[in-house]
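> If you want the building blocks of each chain, they are given just below.
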Amino acid sequence: MSQLLILAAEGEMENPLIPPIPELVIGLLAFVIVFGFLAKKLLPNINKVLDERREAIEGGIEKAEAAQTEAQSVLEQYKAQLAEARHEAARLRQEAQEQGAALIAEMRAEGQRQREEIIAAGHAQIEADRKAAASALRQDVGKLATDLAGKLVGESLDDYARQSRTIDRFLDELEEKAEAAR
Amino acid sequence: MSADPTQVLAFETDCHIFDGCGFPAPGLHSFLFEPLWGDGDSNLYFNKTMLLALLGSVIVIGFFWAAFRKPKVVPGKLQMVAEAGYDFIRRGVVYETIGKKEGEKYVPLIVSMFFFIWMMNLWSIVPVAQFPVTSIIAYPAGLAAIVYVLWVALTFKRHGFVGAFKNFTGYNKELGPVLPLAMLIEFFSNLLVRPFTHAVRLFANMFAGHTLLLLFTIASWYLLNGIGIAYAGVSFIMVIVMTAFELFIQALQAYVFVLLTCTFIQGALAEHH
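Heads up: the sequence lines are chains Y and A, in that order. At position 108 of the first sequence the residue is numbered 108 (the UniProt record's numbering), and the sequence of numbers has no breaks. At position 199 of the second sequence the residue is numbered 199 (the UniProt record's numbering), and the sequence of numbers has no breaks.
One should not assume that every hint holds.
Unchecked claim - Here are the simulated EDC-like cross-link-like pairs (lysine to aspartate or glutamate), alpha carbons at most 16 Å apart as the crow flies:
| no. | chain 1 | residue 1 | chain 2 | residue 2 |
| --- | --- | --- | --- | --- |
| 1 | A | Lys166 | A | Glu271 |
| 2 | A | Lys72 | Y | Glu55 |
| 3 | Y | Lys41 | A | Glu83 |
| 4 | A | Lys70 | Y | Asp51 |
| 5 | Y | Lys48 | A | Glu83 |
| 6 | Y | Lys48 | A | Asp87 |
| 7 | A | Lys70 | Y | Asp172 |
| 8 | A | Lys173 | A | Glu186 |
| 9 | A | Lys72 | Y | Asp158 |
| 10 | Y | Lys131 | Y | Asp172 |
| 11 | Y | Lys40 | A | Glu271 |
| 12 | Y | Lys143 | Y | Glu127 |
| 13 | A | Lys72 | Y | Glu176 |
| 14 | Y | Lys48 | A | Glu104 |
As the list claims (entries may be wrong) - Now the stretches of chain A that chain Y is said to cover, found in silico as 3 or more residues with beta-carbon under 8 Å:
| no. | region |
| --- | --- |
| 15 | 50-59 |
| 16 | 163-173 |
Treat the hints as calculated values from the structure; they're not laboratory data. Where is the CB? At the ideal position from N, CA and C, for every residue including glycine.
With the rest of the complex left out, here is chain Y:
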């Protein structure tokens, strides 16, 4: 070493390719310290966390997949329910329509029946009134005609007329003529 120093002092440097022992030792020591810390403590630390992270990500993906599957099944269920509900609603509407139509038909039939009854009753009433009026009229006309004839003849023809029923016959003829003319 002292020889080298002399050489150095003379301006000639030692070979830079020959490693000085103390620096070799310190260099190895420095590296071994770094290696020790990293290999024993720090890298296992980070490896554990990297594994955890990977698991967390994979777990997250699995969870997301599960959630998606569930959502899918729920959606299908919901769709099925919705379809059923629609079907049910359609059925109910159909039924209601049918019922409504039946009711309307029934009501209409009832109304028709009542109307016809009322009309029939009206007709009967009118017929009865007409008949009553006709008979009353006939009696009055007969009486008037008899009275008039009696005045003309000068005596009462009531009994005769009643016996012979001439007036009635005359009126019947008139009616027949009227019928025929109609």
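Chain Y is already provided as a structure; the job is to place chain A on it using the hints.
Structure of chain A alone, referenced to chain Y:
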């Protein structure tokens, strides 16, 4: 190692061009330091390089300690940066060369080696320190020795004595009469030259880089006189450019060193052909 006592730092002088002062060129003396403690003649001393080496270790450990001491599943900024570096070496270097299954075991070694070397290189451009620890051959040599021992041990362990011999010598029957010569060359290349080049590649890059930086820095100062000021400006620009370039080379050489390490390990683990 002690420096030439007659040599002083260029900046401590008023040595400028046109002052009758010669250019204080950087040289081997730029890589020698007076011991901070102890006697340079004995093997018991402590100098700037050692201080930087130990300090660098502390910084590397401190960085990873801060990032990975209590790592979180959802990482913070620091942890994210450290994870990116860790992942780059693990996937980009170890898994790529050795494979995931066999390489997992060597990840801590390669990761610590990369960041250790990178830090040692980075000292080159850290103000005040401004000296790459790896430009002293002892540091790359120590690391290369670790790799060498690991590589040889793995080869013997994996292939047995005869297998290891075949592995070292690239034994291949098809070579015929050239076989002995090829084996000799391969043996020499693998067992003797390889660890040497492995260490020297890193050392020489850092050595040259530091010398270049020194050259331009000293020139910037030296030329600072008269018309020389214009040249000093150019030289100073070169300092900045070279600093940026060194920043790149530092990371690259650390990467190359660990990549070669992985290739050697892979070679030891692979079946010989």
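> Would you list, in rising numerical order, the hints stated earlier that this structure does not obey?
Violated: hints 7, 9, 11, 12, 13, 16.
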